[in-house]
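There are 2 protein chains.
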Amino acid sequence: MEQKVFDPTVQKALEQFKRLDEKITHYSSVIGLVDWDQKVMAPKKGRRVFAKATGTLRTEVFKLSVSTEMGDLLAVLTSPENFVSLNGVTKAKVREYKAYYQKSKSIPADLFQEYSILTAQANDAWEEARANNDFPHYLPYLEKIVDFKRKFAEIYGYEEHPYDALLDEFEPGLTVKRLDPLFAKLRESSVRLLEKIQNRGKRTHDEIFNQSFEIEKQKEFNRFILPIIGFDMEAGRLDETIHPFAQTVNTGDVRLTTRYIENNVRSALFGTIHEAGHGIYEQHVNPEFEESVLQSGASFGIHESQSRFLENMVGRSKEFWNYFYPHLKSYFPKQLENVTVAEFYRAVNTVKPSLIRVEADELTYNLHIMIRYEIEKALISGEIEAKDLPATWNQKMQEYLGITPNTDRDGVLQDVHWSFGGIGYFPSYSLGNIYSAQILRTIQKEIPDFYQHIGNGRFELIQAWLKEKIHQYGKLYTPNELIVKATGEELNAEYLVEYLEKKYSEVYGL
Amino acid sequence: MEQKVFDPTVQKALEQFKRLDEKITHYSSVIGLVDWDQKVMAPKKGRRVFAKATGTLRTEVFKLSVSTEMGDLLAVLTSPENFVSLNGVTKAKVREYKAYYQKSKSIPADLFQEYSILTAQANDAWEEARANNDFPHYLPYLEKIVDFKRKFAEIYGYEEHPYDALLDEFEPGLTVKRLDPLFAKLRESSVRLLEKIQNRGKRTHDEIFNQSFEIEKQKEFNRFILPIIGFDMEAGRLDETIHPFAQTVNTGDVRLTTRYIENNVRSALFGTIHEAGHGIYEQHVNPEFEESVLQSGASFGIHESQSRFLENMVGRSKEFWNYFYPHLKSYFPKQLENVTVAEFYRAVNTVKPSLIRVEADELTYNLHIMIRYEIEKALISGEIEAKDLPATWNQKMQEYLGITPNTDRDGVLQDVHWSFGGIGYFPSYSLGNIYSAQILRTIQKEIPDFYQHIGNGRFELIQAWLKEKIHQYGKLYTPNELIVKATGEELNAEYLVEYLEKKYSEVYGL
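Residue numbers (the working numbering), protein chains in the order written: chain F, 94 to 603; chain S, 94 to 603.
Because the hints were derived from the structure by calculation, they are not lab data.
Possibly wrong hints are sitting among the right ones.
Chain copies aren't distinguished; within one or between two, either way the pair holds.
Straight-line Cα separation of at most 27 Å, DSS-like style, residue types lysine-lysine; simulated pairs [claimed, not checked]:
{"id": "1", "residue 1": "K270", "residue 2": "K196"}
{"id": "2", "residue 1": "K489", "residue 2": "K270"}
{"id": "3", "residue 1": "K138", "residue 2": "K116"}
{"id": "4", "residue 1": "K156", "residue 2": "K145"}
{"id": "5", "residue 1": "K278", "residue 2": "K184"}
{"id": "6", "residue 1": "K289", "residue 2": "K312"}
{"id": "7", "residue 1": "K145", "residue 2": "K560"}
{"id": "8", "residue 1": "K132", "residue 2": "K191"}
{"id": "9", "residue 1": "K184", "residue 2": "K105"}
{"id": "10", "residue 1": "K445", "residue 2": "K156"}
{"id": "11", "residue 1": "K445", "residue 2": "K595"}
{"id": "12", "residue 1": "K270", "residue 2": "K137"}
{"id": "13", "residue 1": "K489", "residue 2": "K145"}
Computed from a prediction, not measured in an experiment: that's the story for all the values here.
With the rest of the complex left out, here is chain F (with noise of 0.2 Å):
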């Protein structure tokens, strides 16, 4: 795009601008890649002092962006007469740089302090309080935790509901009226589906993930499908956490982590092409944008539509694993002997209710953040308090998913979240699969074979639809914008809907 030419007072605040923006996105391309040094490489003995190195380069990155220079700037290319001149590639870092800026600054810095300070006790807490079964232990810090959530609510302000501010932090724009609706469909059908799937009583064969599956075999397989999918391996790495994640460092660098279990060949693969969608996303955005604060995905949410789409809509389908099933046998042909690949496909696909969110499957998966999500509304507008939160818990989790965790380590507890304060952060798990089906219905209508595609193992078509339609364009667009222009239409539920009766009534022969 190109720019007009302004007066000099605002060319060279564009100018400024420009080398802020690079300045603190280059610092926080290195603080992500010592971010995952840290979690991957590091010996431990160097951790702690690292992480005050780290903690340097982090406050700089913060006063930077909150700093005199950027407010100037911001003032100047956000007045009527200059932004609406700017070109949309500017407007976007803008856009981006003032949200941040308007939040932090509203913020007094010493309850910022103490805010900064609680979530760093409140995260020890809780892994005491996991670790021994504990709740009261947590329950302080987090009942600190929701009157400061409260209290930021209404300090950034909103318009009908106080959520609606913290939702906007990880899905900008995203309200609870526009969220409860969705929701509210996707949650009714997911109770009744998986009524449906209980009542009918079909097994699927999932026991044959009870083998043992060596690991340096999974890790050849795992290392042979990335490629294949879309993952360009001289634009990043993957290696091996507990917890899995994706990081970016830039567009050419981009590392993956999975975690492998022998017992449970899933969690390695199915984790793998998950964080893959992720990184993907990040390898194919614009790098006009690289060195810019757009070098990134538009929200958590779309974020999470990637690694969904790729894991579930992909990764669980019949035809991908038409195509990858007599490979995988290849590398474990013992453990797969005489399961056939419609009985291995339906064994990925198994419902079964469970208590722990990130081991859930596709369907059930969205009643656990459902559960998440009426809890913090009601914890953010006064509805409910921290220490009703085991029994509302467990109360939902009947009502939901039909069990009651015996433990609050296996219930309330489970999730890490909330101890750092990211009250808000889960709706966009299901926002992704949400935004997942939406798109899985556009490019099935714009690539009608999509299916034969995965069959014939040849993703190029895929991800370069993915890639124009989304991935390139990294934060440019509000995630709404985005899905708009992708899809047609705002965010629907009714596809995601639609996608998981009829996956499940294939696979559960309702």
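Starting from the known structure of chain F, fit chain S onto it as the hints suggest.
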């Protein structure tokens, strides 16, 4: 060390200086880590853009080190009335920053800019020239580098020889006047010793290394010896690169690399021991110096003394192999089936004049350095010009080593150092050898059964001695202060001369 109470201005300056030192060191620590990452881990497509990110961080470190803030702080802290009252640690920190500040500030910005561009181009030109054996292609760059270095020497200032100003960058305080007699003695004795060895005509069985040693087994053996010789694997790593190096992140995170060659088991073996010498040094620095400029080794020469000590004095000793050879044999039973430990010991101490410095043995290595030292001195003083280099090089090779390279690629073009402006660097390598023999002589006085410890595979006492006498101090002392403190006298080449004569008399039965 306790700090006395100063007036508020000085007290404030001290606090500010501490924070600035911490910030610079934090950034340097991050730069160290990401430099390692880019050489060892990073996928290739991301490196170009990431170099810009680290460039931003490097620039920031430079800016902080020569900032007005630094200048003002140094002015306060080095004023005669204040400096004398500082404690030793602060004095050392001030000394380090002052030296860098003065050097950097003395070069006009545009001259430095020009020089930076030149060295970047010269490095490319050198790579091409070496690949194509084309010295004339490199010559114009080298001429300009020499011009710059002559200019810098005048700007930095010196008392007797302009080369002193350059030496000082690598070995603070060292001069031609002190170095000339040390090197003359070493050169003469080495040439004589080499002649004796060649006249003796006795061969070692180094052909045993011309066999295939499985790389996986080599890796295992390298990992086996590292913790035994004193490298803490929980405070470090061992990885692979073409050019081995040691990189410190902090004292709890020191990363070594080595290179495995199937037909050259010596390469990784002695490379790893060498780098471990560097690495153990940094692991042993007093943790109180962490997050400060004192956290690293005293000088290039002292650092090299620690790697050479471990590689040569320890790692090529008879006792070392008395202990380790049975282990090595268990890793490579076939290759070493008919080789006795005495033969193996003699083989790893083979002397053979060769063209390439990095492949040279313990004796002839110093002669390679003498050639470079004499050339550098003559270039800087104007006795010779860059165009004379191939002829001078070949003539000196013939004179000292008795061989002449057929191509400049195997002669004057072999080293990278001059292309990045590193004139004054080479002497560090032989200084390391001289220091290490002097240290050996002291440690043998204080631990009379030094070589018995090695023969028993017990390195605790030896490493504790090195830690106490040398390693712990980091940059607290200048190299000269440190060697006097540790060995009771200034640098003396006599000990290396004796050591070499003794060793080779034995190996070659002179």
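Against the structure shown, which of the earlier numbered hints fail to hold, in ascending order? 5, 6, 8, 10, 12, 13
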